[in-house]
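Visitor: Since chain A is already given, all that's left is putting chain B on it; use the hints.
Line by line, the protein sequences give chains A and B.
For the first sequence, my numbering assigns the number 1 to the initial residue and increments by one for each residue that follows.
For the second sequence, my numbering assigns the number 1001 to the initial residue and increments by one for each residue that follows.
It should be emphasised that the hints constitute simulated quantities derived from the structure, not laboratory data.
All values derive from a computational prediction rather than experimental measurement.
Check before you lean on any hint, since a few could be wrong.
[Claimed, not checked] Looking from chain A toward chain B, a few residues come up when the C-beta cut is under 7 Å (computed):
hint	residue
1	ILE43
2	LEU57
3	ALA69
4	ILE72
[What the hints assert, rightly or not] If you only want the chain B side, here are some residues facing chain A, beta carbon under 8 Å, derived:
hint	residue
5	LEU1009
6	GLY1058
7	MET1089
The beta carbon of each residue, even a glycine, is placed where N, CA and C say it ideally should be.
These are the residues of each chain, in order.
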Amino acid sequence: MPFKKRFAPRRKFCRFCADHELPLNYKRPDILRDFVTERGKIIARRITGTCAHHQRLLTREIKRARQMALLIYTATHDSQIKKKSII
Amino acid sequence: MRKFETLLLLSPELTSDNRESLLANFTAIIEREGGKLVIADHWGMRDLAYPVHKVMRGYYVRLEYTGPSALVAELERNIRNSDGIFKFMTVKLADSVAEEVA
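So that you can see chain B by itself, here it is in the shape it has in the complex:
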């Protein structure tokens, strides 16, 4: 069980319910792969440092989750499949996470 964090840069044109459905889809994937979403931190709309897809603004979401390492490949495959996501970056936060007794 490792702790990861994925920072997503979503297109500003996405409506909020589009965004929610995307995030719900990712949470479902995390649960399905035996992981657990710790927090979905919405940074909100921010100005970008340089134009991405000819657009100067983007919506940032940070997903923090724990799970087996195979989960990341699966999650990223889905991120690549879905549209509206400009950039994403996954970072390993911790190697072993204490198994909280749910």
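In isolation and in its complexed conformation, chain A is listed as follows:
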């Protein structure tokens, strides 16, 4: 095996197709966080199993949430500012 498959190949399904009232918008960063790595990068469709339509909506909402400081752009911010400015 060239690389170890991280995820067991279980049946992946699109969470937004299955659960219709799951709100997909930038106002709910807690839901969007499931589709973003800890470093803040958007996880690919083939990993999360989201369908193409919802993945397009998802990326747009994640980028909006990032702009409104609800989601991180990247995990390695300048930590000095972070510590100094925590009032």
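Guide: What follows is chain B alone, placed relative to chain A:
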């Protein structure tokens, strides 16, 4: 008549009456431009994901309103003029809103 929503990120140093005066000013603009404020949803003080203006906390307010599309440009011009607002984002929610008979 379209339905919009503006999410405002206000500076934490603003006192509550500063905030109220800012919001009253925006509501007046919405009314003046022939729109109608549906709701001013205060999310309150939240920790930011990354420092904005060297500050880690901000006060979020979500204004939901209906009005002609020219209203948004006017409202955003005023948002840019007033200080204490770090970030804002306007999103169109619905294209045509049923005219409720007031």
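Visitor: If a hint holds in the structure, say so; if it does not, say that too.
Guide: Taking the hints in turn, this is what the structure says about them:
1. ILE43: A/ILE43 check fails; min Cβ-Cβ to chain B is 17 Å, beyond 7 Å.
2. LEU57: 13 Å, violated
3. ALA69: Because about 4 Å separates A/ALA69 from the closest Cβ in chain B, which is inside the 7 Å limit, the hint holds.
4. ILE72: Holds, because the Cβ-Cβ distance from A/ILE72 to chain B comes to roughly 4 Å (cut-off 7 Å).
5. LEU1009: Hint on B/LEU1009: holds, closest Cβ of chain A at ~6 Å, below 8 Å.
6. GLY1058: Where the cut-off is 8 Å and the nearest Cβ of chain A is about 7 Å from B/GLY1058, the hint holds.
7. MET1089: 5 Å, holds
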